[in-house]
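Undergrad: If you read the protein sequences in the order shown, they are chains A and B. One point on numbering: in my numbering, the residue at position 5 of the first sequence is 5, and numbering is uninterrupted. Here my numbering runs 116 ahead of the position in the second sequence, where the first position is 1.
These aren't lab readings, by the way, just hints derived from the structure by calculation. As the structure is a computational prediction, the values presented were derived from the model and not from experiment. Glycine is no exception: its CB is placed at the ideal position from the N, C-alpha and C atoms. Hints may contain errors.
What the hints assert, rightly or not - Some residues of chain A that are not near chain B, with every Cβ distance over 10 Å (derived):
| hint | residue |
| --- | --- |
| 1 | Glu11 |
| 2 | Val12 |
| 3 | Gly16 |
| 4 | Pro61 |
| 5 | Phe65 |
| 6 | Ser66 |
| 7 | Lys78 |
| 8 | Ala93 |
| 9 | Gln105 |
| 10 | Ile115 |
Stated by the list, open to error - Derived contacts from chain B toward chain A, CB cut-off under 10 Å, selection only:
| hint | residue |
| --- | --- |
| 11 | Ser203 |
| 12 | Phe207 |
| 13 | Thr222 |
As the list claims (entries may be wrong) - Here are the simulated BS3-like pairs of lysine-lysine, each with C-alpha atoms no more than 30 Å apart in a straight line:
| hint | chain 1 | residue 1 | chain 2 | residue 2 |
| --- | --- | --- | --- | --- |
| 14 | B | Lys154 | B | Lys168 |
| 15 | A | Lys68 | B | Lys119 |
| 16 | B | Lys186 | A | Lys78 |
| 17 | A | Lys24 | A | Lys68 |
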Amino acid sequence: DAGVIQSPRHEVTEMGQEVTLRCKPISGHDYLFWYRQTMMRGLELLIYFNNNVPIDDSGMPEDRFSAKMPNASFSTLKIQPSEPRDSAVYFCASSSQPTGHNQPQHFGDGTRLSIL
Amino acid sequence: AQKVTQAQTEISVVEKEDVTLDCVYETRDTTYYLFWYKQPPSGELVFLIRRKSFDEQNEISGRYSWNFQKSTSSFNFTITASQVVDSAVYFCALSEAEDNAGNMLTFGGGTRLMVIP
């Protein structure tokens with residue numbers, strides 16, 4: 001079975017550029033999560049969707065960040081304009097039921113983002 | 117508010133030694149879920165185990181075992197006869213089972229385990 005697929009695996013870009021991270025959840029999963037991992041703050045939930053609808057975006061750091069889920073098999077996380085402090089590993093995860101209902105989240109391999 | 121504390125930031129053991137990774141959590145909910153994830157050097161996050169608050173039975177899976185104690189709010193993870201492949205960062209996480217909060221995974225800071233050959 002295919003797991004959560006993220007692309008690209010690595011992204012290096014210059015400050016001010018637009019960055020788009022992509023995620024394909026596990027087929028049949030209707031919850032999708034975006035996380036950011038940094039040394040300073042650890043793993044943080046940025047936003048999550050249920051049935052393609054954003055449910056909680058309170059973790060999104062600022063207006064430069066936006067996330068969309070146009071259909072059940074695709075989501076994007078966009079940063080515009082990017083800044084060096086956005087450098088981190090961004091993970092996408094999906095689950096088939098709410099995490100609190102006994103289903104784990106399955107994570108992709110992450111996108112390592114470096115903003116110069 | 118929920119919180120997960122992994123007090124051990126880094127542990128080194130010699131291969132074949134047993135090692136226990138500590139996890140202490142805080143929650144006001146009576147129903148919650150606890151998780152362990154492994155992050156090997158390649159960077160992906162691998163799900164290891166999920167435990168519901170009502171199920172205090174300890175679990176064993178091969179060389180891995182988990183000790184859940186509600187009385188001390190702890191969910192510790194023991195690796196028996198450690199191997200070099202166990203070297204990774206291990207994360208403990210908590211999810212409260214109330215509506216939207218049930219989808220919020222709160223992670224601990226992680227414990228980096230290094231198994232020395």
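Undergrad: Hint numbers the structure violates, sorted upward?
TA: 8, 9, 11, 16
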